[in-house]
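**Student:** Given chain A's structure and the hints, the job is docking chain B with the ligands onto it.
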Amino acid sequence: MALTPAEPSGGHHESVKTPEAAVVQLDSVRKEFGGITALDGVSLEIRPGEAVAVMGPSGSGKSTLLNMIAGLDRPSSGSVVVNGENITRMGEAALARFRRHHIGMVFQFFNLLDDLPALENVALAGRLVGVPARKARARATELLDELGLADRRDAYPAVLSGGERQRVGVARALMNRPALLLADEPTGALDSRTGEQVIDLLLDLNRMGQTLLLVTHDQHLATRCATRLVDFMDGRVVREAALERHEPWIAR
Amino acid sequence: MDRPLSAVWAAAQGGVRRRKLQTVGIAVVVALSTATLVFGLGLLAASNSMFDDAFEEARGAHATVFFDSTKTTTGEVAATAQAAGVTAAAGPFQTAALTEALVSGEMPIRGGDLVVAGRAGSGGPMDRLTVTSGRWVRAPGEIVLRGSAFGPVRLGATLTSPGHPPLTIVGFATSITDGANGWVTPGQIGALRPTGLQMLYRFARAADSPQVRQSLSAATAGLPVLSYDSYLTAEQEFEREFNELIPFITVFGVFAMALSVFIIGNVVSGAVIAGFRHIGVMKALGFTPAQVSAVYIVMSVVPALLGCAAGLAAGHLLATGVAESMAAGFELPSVGGPSLLLDAVGGGGVIALVVLAALVPALRAGRLPAARAISAGTVSGRGRGRRVQRWLARTGLPAPVALGLSLPVGRPARTVLTFAGLCVGVTAVTMGFGLYRSVMENATADPEGHTSVSVRVDPAADGRARLSEQQVFALLRAQPGTAHVMSYDNQPVTIPGLPSGFQIETFTGDYGPFLGDNLVRGRWFTRPGELVPSEAFLRLHHLDVGDTVSLQLNGDQTTVRIVGSFAHQDPGRLMLDAASVSGPPRPIERRPISVIVTPGTDPAEYADRLNAAAASDGVVAGVTVPETGHVADEMSMFLLFLLIITTTAAFGVLNSVVLSARERSRDLGVLKAIGMSPRQVILMMVTSMAALGVLGAVIGVPLGVLTHHGVAVLAGELLGSGTPAAWIYVYSWPLLAVPAGAGLLIAVLGAWLPAGWAAATHTAGVLRSE
Ligand SMILES: Nc1ncnc2c1ncn2[C@@H]1O[C@H](COP(=O)(O)OP(=O)(O)OP(=O)(O)O)[C@@H](O)[C@H]1O
Ligand SMILES: [Mg+2]
Numbered sequence: 001m002a003l004t005p006a007e008p009s010g011g012h013h014e015s016v017k018t019p020e021a022a023v024v025q026l027d028s029v030r031k032e033f034g035g036i037t038a039l040d041g042v043s044l045e046i047r048p049g050e051a052v053a054v055m056g057p058s059g060s061g062k063s064t065l066l067n068m069i070a071g072l073d074r075p076s077s078g079s080v081v082v083n084g085e086n087i088t089r090m091g092e093a094a095l096a097r098f099r100r101h102h103i104g105m106v107f108q109f110f111n112l113l114d115d116l117p118a119l120e121n122v123a124l125a126g127r128l129v130g131v132p133a134r135k136a137r138a139r140a141t142e143l144l145d146e147l148g149l150a151d152r153r154d155a156y157p158a159v160l161s162g163g164e165r166q167r168v169g170v171a172r173a174l175m176n177r178p179a180l181l182l183a184d185e186p187t188g189a190l191d192s193r194t195g196e197q198v199i200d201l202l203l204d205l206n207r208m209g210q211t212l213l214l215v216t217h218d219q220h221l222a223t224r225c226a227t228r229l230v231d232f233m234d235g236r237v238v239r240e241a242a243l244e245r246h247e248p249w250i251a252r
Numbered sequence: 001m002d003r004p005l006s007a008v009w010a011a012a013q014g015g016v017r018r019r020k021l022q023t024v025g026i027a028v029v030v031a032l033s034t035a036t037l038v039f040g041l042g043l044l045a046a047s048n049s050m051f052d053d054a055f056e057e058a059r060g061a062h063a064t065v066f067f068d069s070t071k072t073t074t075g076e077v078a079a080t081a082q083a084a085g086v087t088a089a090a091g092p093f094q095t096a097a098l099t100e101a102l103v104s105g106e107m108p109i110r111g112g113d114l115v116v117a118g119r120a121g122s123g124g125p126m127d128r129l130t131v132t133s134g135r136w137v138r139a140p141g142e143i144v145l146r147g148s149a150f151g152p153v154r155l156g157a158t159l160t161s162p163g164h165p166p167l168t169i170v171g172f173a174t175s176i177t178d179g180a181n182g183w184v185t186p187g188q189i190g191a192l193r194p195t196g197l198q199m200l201y202r203f204a205r206a207a208d209s210p211q212v213r214q215s216l217s218a219a220t221a222g223l224p225v226l227s228y229d230s231y232l233t234a235e236q237e238f239e240r241e242f243n244e245l246i247p248f249i250t251v252f253g254v255f256a257m258a259l260s261v262f263i264i265g266n267v268v269s270g271a272v273i274a275g276f277r278h279i280g281v282m283k284a285l286g287f288t289p290a291q292v293s294a295v296y297i298v299m300s301v302v303p304a305l306l307g308c309a310a311g312l313a314a315g316h317l318l319a320t321g322v323a324e325s326m327a328a329g330f331e332l333p334s335v336g337g338p339s340l341l342l343d344a345v346g347g348g349g350v351i352a353l354v355v356l357a358a359l360v361p362a363l364r365a366g367r368l369p370a371a372r373a374i375s376a377g378t379v380s381g382r383g384r385g386r387r388v389q390r391w392l393a394r395t396g397l398p399a400p401v402a403l404g405l406s407l408p409v410g411r412p413a414r415t416v417l418t419f420a421g422l423c424v425g426v427t428a429v430t431m432g433f434g435l436y437r438s439v440m441e442n443a444t445a446d447p448e449g450h451t452s453v454s455v456r457v458d459p460a461a462d463g464r465a466r467l468s469e470q471q472v473f474a475l476l477r478a479q480p481g482t483a484h485v486m487s488y489d490n491q492p493v494t495i496p497g498l499p500s501g502f503q504i505e506t507f508t509g510d511y512g513p514f515l516g517d518n519l520v521r522g523r524w525f526t527r528p529g530e531l532v533p534s535e536a537f538l539r540l541h542h543l544d545v546g547d548t549v550s551l552q553l554n555g556d557q558t559t560v561r562i563v564g565s566f567a568h569q570d571p572g573r574l575m576l577d578a579a580s581v582s583g584p585p586r587p588i589e590r591r592p593i594s595v596i597v598t599p600g601t602d603p604a605e606y607a608d609r610l611n612a613a614a615a616s617d618g619v620v621a622g623v624t625v626p627e628t629g630h631v632a633d634e635m636s637m638f639l640l641f642l643l644i645i646t647t648t649a650a651f652g653v654l655n656s657v658v659l660s661a662r663e664r665s666r667d668l669g670v671l672k673a674i675g676m677s678p679r680q681v682i683l684m685m686v687t688s689m690a691a692l693g694v695l696g697a698v699i700g701v702p703l704g705v706l707t708h709h710g711v712a713v714l715a716g717e718l719l720g721s722g723t724p725a726a727w728i729y730v731y732s733w734p735l736l737a738v739p740a741g742a743g744l745l746i747a748v749l750g751a752w753l754p755a756g757w758a759a760a761t762h763t764a765g766v767l768r769s770e
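Sequence lines, in order, name chains A and B. For the first sequence, full-length UniProt numbering begins at 1 and goes up steadily by one. For the second sequence, full-length UniProt numbering begins at 1 and goes up steadily by one.
Hint data in this document are derived by calculation from the structure and do not stem from the laboratory. A couple of the hints might just be wrong.
Stated by the list, open to error - Some, not all, of what chain B presents toward chain A, calculated at C-beta under 10 Å:
| hint | residue |
| --- | --- |
| 1 | 207 |
| 2 | 211 |
| 3 | 403 |
| 4 | 669 |
| 5 | 671 |
| 6 | 681 |
| 7 | 763 |
Ideal placement from N, C-alpha and C gives every residue a C-beta, glycine not left out.
So that you can see chain A by itself, here it is in the shape it has in the complex (with noise of 0.2 Å):
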């Protein structure tokens, strides 16, 4: 199945882990721009398989601990350990390596290359994985068939409706099975119905089994496809929650 998220240890590095390690795990991570604090100590944990949102107000820091943990950015101070790997002092080069094996990037404003059609844009994160090309392109058509865009495969972003446009960025960002699916307000500059079924869509990949961190400032969103909630504040986690999903009408 197309949206098989890799085993919690990653199949492609090889360091030493219990099965229960943490996907993610942040040590009192510090990141100030100029004089301007973003990220205060924040320690978290995320484990295999959770689902977890980040909510708070705006410029509390929340992007910028997505950035820190997809390897966009490097701490002032503490340690970044993404799926067993300290990305902390890593170079950029095996950063970029680090994130196309195990993040995946999803954004408000959906980011696709506007010159490409859907599945190219989909295809391409294989491709630079170095996935042959015929082999990136069947992956990408199966992602978005699953993901309900067998028909636009060969649209441009332009003529893509906005809810499209972000289901084809979860198709790009599940294309190499990503240990953690990286989630920065994927429903934000969508209306609230096209949030949701962005929101469906990704609650159904955690039940797969894919692990999730999502920023939103959504709470019904929120409550509604996570299974843990974090609470931010000036750079500082101010509250966390573990949640029970209430999954009224979700059928399949």
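**Tutor:** Frame of chain A, contents of chain B with the ligands only:
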């Protein structure tokens, strides 16, 4: 009226500040092309003015006239100074012809006669000589020679001529006026059996040769004139040297200007594209379309003005330097330099071009509907290249390569401009390599260029010959390592029906291999009776291969058939087999002998062996080093031009990559977020330009070969020397490999730096925006 202007100014300042690299780039590119242009114009101007300036300063003579002193008196000749139309005169000076003059018993002076004039001082109201080394003659037994020291011809050396007292060289002097080649005191000249009287004139009317001739015959009516020299000959010779450079400089100048236009067009349209929203805001604030256009023009004209000023200064200095060194080559005092007026015209032209290059994108900015400009983030070339991009994505190429290749498709206009710049770069490199080959061919085309060892035979102590020519040749041929031997001679000759001034250059021995690849028409002579004159001779006298010419020498007349012509601008040179002309050849001691050694023989060892073996016979051998010193000047100039053009082309690439990376910063961020490594980003950006570089070579190399062809032929036409095929068809496959690689190299070098910047941009920051 004042406020909108200052608003335009303020907006343009903002644009300049946001685009520092491009702004500096405009300045640099404009500086380089202005420098090239001003340098070219400056040299052209110098070629026109320098001779005239030097001529005026030295009070040169419009005509130098030789009278037969056996048929006229000093008084009669002196009286011509008062003739109508003569504005100044000097002389008469007695002149003597020293035949077979030798320096230190070995070095023949100018192959024939040395005309010496008796003259009291170097200054005077006319023909002021410049003593470049040593001093002026003071006493009998001394001589000052025209020109400069060369080999054994140096200060303190003794000049001998059969039947005349020996003269010590005490100085070297330059003169703007043709005439005597040496000067002695008026007291000394009497002892040299003077046969002529030399008179120098300046005329009221002397603008062209008919005027000189008319003025001259009016002044010298009735007197026995032997011959005369006109200042126009020297002037033409001087200008010819510059003419040789004109095609090269023009082509390089055109290249540099074209590059600036491409780059400035790219910078300004890039600014317009990147500033789409900015333009919308300006319009919303109430800027008129004209004002918006003005903002973009000002943005490029301000740095262009700065670059132009720098380029003017550099080009002016360079032109002055080169003009001075060329003047020195002609033994002219250097006067003045390139004209400031021309500098201003050149600079103005460049700025006008900059405005033109900026105009198209600036007008586009002005016409942009405000609403669209505000709403559209960037303009993306929708549709056009999509099919290519999709096809590339589906090929089996590695993702960064496929993406890189599809980048140029997205911005066709920019791609075309960048590509054009690369083509110009490759064309220039191709042409430069060809010119290098042509100039080297040219420098080694004469028999000396084919000689490995030159030999002379000194006479015995009593002045008599020790060996006959046959004996010398036999001796040399018996040497191990000898491949070919010939000897060379030259002497003046007249051709009935044509004005004077011909020299025959005669060859003995197996001279075939010594004759160069510089044939313009026909073939080389292979036996007596065949003549190969300079191409300039054929053109001047409207002759061609197959025609016959009568040569008059030592009272005998010989008819020879023209079988070819060699490239040279001197219409007085005639080459043929020595046996073509009657009369005994000059003794072998007077003629240089040339040897080509067999392959694998070291010329230096050969010469040493020969010197050791045949010293008792008076044989002296030395290695011939081809004289390519003057070539070095031209080469360094080509190299400088090439450097300027390739750097500019590479900057065009750099600029193009910067613009693309800036416009696609979001895409780059996404690619990095999904796992593209910095190296892959660099690979992608470099690939995008490398593809253009390779294509640029495909177009630029043939274009360069054609341009070289045109320039070589044009140079030959301007000189009147013709261009031999060997100087045109200089390219071989290995030689073409370098310029072919140049396109790729320029593209990769130009793209590398900004690709690195793109790879290093902070991904998180880029993705935050919007
Ligand atoms: N690259 C950067 N340079 C400087 N400051 C930054 C940078 N990135 C983030 N910040 C600052 O760090 C703080 C946290 O920003 P961050 O984007 O993480 O907040 P956020 O919680 O994602 O907010 P929002 O809900 O608005 O997306 C802010 O004050 C922000 O201005
Ligand atoms: Mg955020």
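**Student:** The structure should be examined with respect to each hint, and the outcome stated for every one.
**Tutor:** Outcome of the hint check:
Nearest Cβ of chain A to the Cβ of residue 207 of chain B: about 68 Å, over the 10 Å cut. The hint is violated. At about 73 Å, the closest approach between the beta carbon of residue 211 of chain B and any beta carbon in chain A exceeds 10 Å, and the interface hint on this residue is violated. For residue 403 of chain B, the interface hint holds, since its Cβ comes within 10 Å of a Cβ in chain A; the closest pair sits about 8 Å apart. At about 7 Å, the closest approach between the beta carbon of residue 669 of chain B and any beta carbon in chain A falls short of 10 Å, and the interface hint on this residue holds.
At a threshold of 10 Å, the smallest CB-CB gap from residue 671 of chain B to chain A is about 8 Å, leaving the interface hint in force. A hinted interface residue such as residue 681 of chain B counts as satisfied when its beta carbon comes closer than 10 Å to some beta carbon of chain A; here the least separation is about 9 Å, so the hint holds. Taking 10 Å as the C-beta contact cut-off toward chain A, the hint placing residue 763 of chain B at the interface holds, the least distance being around 5 Å.
The structure shown violates the earlier hints numbered 1 and 2.
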